[in-house]
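Starting from the known structure of chain A, arrange chain B on it as the hints suggest.
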Amino acid sequence: MGGRDTDIVLLDENGIRCDGRKVNETRKVTIKAGVLKNANGSAYIEFGDNKILVGVYGPRDVHPKHMSDTDTGILRCRYHMAPFSVGERKNPAPSRREVEISKVIKEALEPAVMLKEFPRTAVDVYMEVLQADGGTRCAALTGASVALADAGIPMRDLVAGCAAGKAADAVILDVNNEEDQAGQADLPIGYMPNLKKITLLQLDGVLTPEEYKQCIEIGIEGCNQVYEIQKKALQDKFFASGEKQ
Amino acid sequence: MSGEKKRHVIPGEVITSGPYRAEQNTIQVGDNIVSTIIGLSDVHDGSVRVIPLTGGYMPKDDDLVIGKIASHSSLSWTADINSCYVGMLPASDVFGRDYSSSSDDMTAKLAKGDLIAARIVNADKTRDPLITISGRELGKIDSGELVKISPNKVPRLIGKRGSMIQMIESSTNSQVTIGQNGLLVVSSDDPNGLLKAVQAIELIEEQAHVANLTDQVKEMLESKSE
Numbered sequence: 001m002g003g004r005d006t007d008i009v010l011l012d013e014n015g016i017r018c019d020g021r022k023v024n025e026t027r028k029v030t031i032k033a034g035v036l037k038n039a040n041g042s043a044y045i046e047f048g049d050n051k052i053l054v055g056v057y058g059p060r061d062v063h064p065k066h067m068s069d070t071d072t073g074i075l076r077c078r079y080h081m082a083p084f085s086v087g088e089r090k091n092p093a094p095s096r097r098e099v100e101i102s103k104v105i106k107e108a109l110e111p112a113v114m115l116k117e118f119p120r121t122a123v124d125v126y127m128e129v130l131q132a133d134g135g136t137r138c139a140a141l142t143g144a145s146v147a148l149a150d151a152g153i154p155m156r157d158l159v160a161g162c163a164a165g166k167a168a169d170a171v172i173l174d175v176n177n178e179e180d181q182a183g184q185a186d187l188p189i190g191y192m193p194n195l196k197k198i199t200l201l202q203l204d205g206v207l208t209p210e211e212y213k214q215c216i217e218i219g220i221e222g223c224n225q226v227y228e229i230q231k232k233a234l235q236d237k238f239f240a241s242g243e244k245q
Numbered sequence: 001m002s003g004e005k006k007r008h009v010i011p012g013e014v015i016t017s018g019p020y021r022a023e024q025n026t027i028q029v030g031d032n033i034v035s036t037i038i039g040l041s042d043v044h045d046g047s048v049r050v051i052p053l054t055g056g057y058m059p060k061d062d063d064l065v066i067g068k069i070a071s072h073s074s075l076s077w078t079a080d081i082n083s084c085y086v087g088m089l090p091a092s093d094v095f096g097r098d099y100s101s102s103s104d105d106m107t108a109k110l111a112k113g114d115l116i117a118a119r120i121v122n123a124d125k126t127r128d129p130l131i132t133i134s135g136r137e138l139g140k141i142d143s144g145e146l147v148k149i150s151p152n153k154v155p156r157l158i159g160k161r162g163s164m165i166q167m168i169e170s171s172t173n174s175q176v177t178i179g180q181n182g183l184l185v186v187s188s189d190d191p192n193g194l195l196k197a198v199q200a201i202e203l204i205e206e207q208a209h210v211a212n213l214t215d216q217v218k219e220m221l222e223s224k225s226e
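Sequences listed follow chains A and B, in order. In this text, residue positions in the first sequence follow the working numbering: the first is 1, and each later residue adds one. In this text, residue positions in the second sequence follow the working numbering: the first is 1, and each later residue adds one.
It is worth saying that the hints were derived from the structure and are not from the lab. Some hints here could point you the wrong way.
Straight line, CA to CA, 20 Å or less: simulated EDC-like cross-link-like pairs of lysine to aspartate or glutamate [claimed, not checked]:
| # | chain 1 | residue 1 | chain 2 | residue 2 |
| --- | --- | --- | --- | --- |
| 1 | B | 68 | A | 61 |
| 2 | B | 153 | B | 206 |
| 3 | B | 112 | B | 80 |
| 4 | A | 196 | B | 13 |
| 5 | A | 37 | B | 205 |
Taking CB as the label site, the calculated pair distances span [claimed, not checked]:
| # | chain 1 | residue 1 | chain 2 | residue 2 | range |
| --- | --- | --- | --- | --- | --- |
| 6 | B | 214 | A | 91 | 54 to 62 Å |
| 7 | B | 155 | A | 224 | 29 to 37 Å |
| 8 | B | 80 | A | 224 | 40 to 48 Å |
| 9 | B | 155 | A | 69 | 29 to 37 Å |
| 10 | A | 76 | B | 148 | 22 to 30 Å |
It should be emphasised that the depicted structure is a prediction, and the values quoted were computed from it without experimental measurement. The beta-carbon is built from N, C-alpha and C at its ideal position, and this holds for glycine as well.
Chain A with its partners taken away, still in its complex shape (with noise of 0.2 Å):
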């Protein structure tokens, strides 16, 4: 991070960036829900050139026991690259990174997840990226948020996920791989737009004060695109076909 050198041109004089987007354009998000017979619920996500498939296991029983807590249902979220995902094959046991985002994207659902109703249990989340392209936390969240809805946890809100940052001096919406390699700065955000809460928010890079207020400005406007898909891949799953009742 911090602007390594590259051929590529992030940003031309048009202002167009390397992929063809405008600075404020996420890439295209496909979301589909219910792809997984043997899961209580699941999504896969094509998040421009990332491809991820989640599945939710639970509410089931907690093991080891000692993890499980009288009070509540606890959250495990478990984010992994395929070793076929990047260029290079990636180690499949889990490295720091992956332990780090499993941490966060735990985090990041907690707040929506409505885990009291079901104490002593615990939902199991699954994320597998298949191809991977830059901003995969963001696409792993929203995709697990969906699985979850699918797998009919209660939620107080979706959480849809979109980064901001800042490449070639200027602030972008949806860093890519890319702009997250040879850019100044990356800001995943998670947000739940009907409570306008953020719930996970992490900064790589150098950005002014006036240049954060930006990101965090596109990036919730990102996030409420993304929203929109989710919403759409649910009723897609659950009130496409046949009528009203």
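What follows is chain B alone, placed relative to chain A:
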């Protein structure tokens, strides 16, 4: 105010605002009443609830459930009741108060894998739900076909005042024991009737969201009766 049209809602969606009680699957956020689950909103007599379309079974007091004996200790059996909690069936429920772990053989009464029709006595989530098999229509199930459907579709299968299930039972000459946990046992002397009843149940499970389901099921039941 009542009878507001049922709407499809997803978690976080505002159902209504105003002086309503937030009931099943809803929460109050400021002035708004918000759904916490995917389902159909139902505003009725000053209260708001959401009928879920997905999710597992949560044990409730007095529910009739069908369970499968999973294991037993010296004092109780545990039964899988298709929920995140297992049902606890105390041995004294079966043997009476003078049960003694040394003289009574628990496996003689109920062995692992046996099906039971049970009623939930106490479900307070702080401990596993207590179930009983003493009572009318309760006890060990010896024969019949076990069918599993989504617990959310059980009310649909029963229909208004039992209309749907009565129709299936009478036209296929079968008996259906419905567990609120989504497990059903269908039994019949006539193998064709049994088959057709199971098919009808599967149709309801598949088409639960369709409005004129009763007619469809009726048609299906009549069409194949030669």
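Right, here's what the structure says about each hint:
no.	hint	verdict
1	68/B / 61/A	17 Å, holds
2	153/B / 206/B	9 Å, holds
3	112/B / 80/B	11 Å, holds
4	196/A / 13/B	13 Å, holds
5	37/A / 205/B	16 Å, holds
6	214/B / 91/A: 54 to 62 Å	57 Å, holds
7	155/B / 224/A: 29 to 37 Å	36 Å, holds
8	80/B / 224/A: 40 to 48 Å	43 Å, holds
9	155/B / 69/A: 29 to 37 Å	32 Å, holds
10	76/A / 148/B: 22 to 30 Å	26 Å, holds
No hint from the list above goes unmet by this structure.
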